[in-house]
Every structure is written in structure tokens, then in C-alpha cells.
Amino acid sequence: MKRLIATVFVLLLYSFSFAAMKAPDFELKDEDGKVVKLSDLKNDIVVLNFWATTCHSCRKELPDLEKLYQQYKGKVKFYGIVIDTDDPKKIKNVKKEIGFSFPVLIGNYQVNEKYRIIGTPITYVIGKDNTIVKIFIGPQP
1 MKRLIATVFV
11 LLLYSFSFAA
21 MKAPDFELKD
31 EDGKVVKLSD
41 LKNDIVVLNF
51 WATTCHSCRK
61 ELPDLEKLYQ
71 QYKGKVKFYG
81 IVIDTDDPKK
91 IKNVKKEIGF
101 SFPVLIGNYQ
111 VNEKYRIIGT
121 PITYVIGKDN
131 TIVKIFIGPQ
141 P
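Residue numbers (this note's numbering): 1 to 141.
Hint data in this document are derived by calculation from the structure and do not stem from the laboratory. Mixed in with the good hints there might be a few duds.
[Claimed, not checked] Calculated cross-link-like contacts (lysine-lysine; reagent style BS3-like; alpha-carbon spacing at most 27 Å):
id	residue 1	residue 2
1	Lys34	Lys96
2	Lys89	Lys29
3	Lys75	Lys92
4	Lys95	Lys60
5	Lys67	Lys90
6	Lys96	Lys29
7	Lys92	Lys67
8	Lys75	Lys37
9	Lys22	Lys42
10	Lys77	Lys37
11	Lys42	Lys75
12	Lys34	Lys77
13	Lys29	Lys128
14	Lys92	Lys77
15	Lys89	Lys67
16	Lys77	Lys134
17	Lys95	Lys114
18	Lys96	Lys75
19	Lys67	Lys42
20	Lys67	Lys77
21	Lys114	Lys34
22	Lys77	Lys89
23	Lys134	Lys95
24	Lys34	Lys22
25	Lys60	Lys96
26	Lys77	Lys96
27	Lys96	Lys37
28	Lys128	Lys77
29	Lys90	Lys73
30	Lys37	Lys90
31	Lys73	Lys92
[What the hints assert, rightly or not] Simulated restraints, written as ranges between beta carbons of each label pair:
id	residue 1	residue 2	range
32	Glu113	Val36	12 to 20 Å
33	Pro63	Ile137	15 to 23 Å
34	Ser39	Tyr109	18 to 26 Å
35	Lys92	Gln70	13 to 21 Å
36	His56	Asp25	27 to 35 Å
37	Val35	Asp129	18 to 26 Å
38	Asp129	Asp87	30 to 38 Å
39	Gln71	Glu113	26 to 34 Å
40	Gln140	Asn112	19 to 27 Å
Predicted, not measured: the structure shown is a model, and the values here were computed from it. Every residue gets a Cβ at the ideal spot worked out from N, C-alpha and C, and that includes glycine.
Starting from the given sequences, assemble the full structure and let the hints guide the process.
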């Protein structure tokens, strides 16, 4: 129990350390090879979901994110950032299998470091001013 409390405490400190911080910029390719830069998305609300193809919690959460994507399409930019493969064919197959359509960016070590990705899923909500508004660590109900 003490270990669980310590882990929760560390995760809370970890999430608060980003409060009111500018989102780190990145330049990543999507599954079609198109380059996406976060700095090009200023003046947009952006949701970044870091996930892995082998993550069971991610697979359960992604269809719920798809519903939000469909509901807020045109108002909010949604991107999945996959951290365990750079194979576009595999990404497209997993998207079809799970049932989601929002764009997926191919993550890399530098982005994982900038966003402190220690596990998946982790979702960042970034405001129009490029400030991190909220971080969701772990699957969300």
C-alpha cells in the first residue's frame, strides 16, 4: 500500500510539473509520411494521445477518443502518437482493427523525452496559446 501511495504521489508531482508550461515543439511524420509540426498548430486546441500498439489500455481508450474526435472535428485537432513502431502499414492495420480514424504521428525518443513519456496511454490537451492545459495519465473512464 505504501508503494502505491508513493507511486501516485510521484505521478501527481509529475503531472503538476507541466502546469501552465508551453508544450514542447516537435516535428513528426504521420502514417502517410506528411510532416506535422506542433508549432504550425498554434491557435488550435490540440489533443495528443501517446499510445502503443501492444498496450491493452490504449486499445480500449482509442475508440473513446475516436468518438471525441468525431464530435469535435473542425474545432479540436486530435493526434495519436505511437511510440512502439515506425511501420506505416502496421499503424494503418492497428487503426482499422481498433476502429479509429484520427491521424497518427510516429513518435521518437526525443518527443518521448520532451513529454516525459514513461508509459501509455498519456494524453495531453494543449490550448490555443500552446500551453499544456491538462495531462491524463493512464486510461480514462
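Original post:
So which of the earlier hints does this model not fit?
Top reply: none
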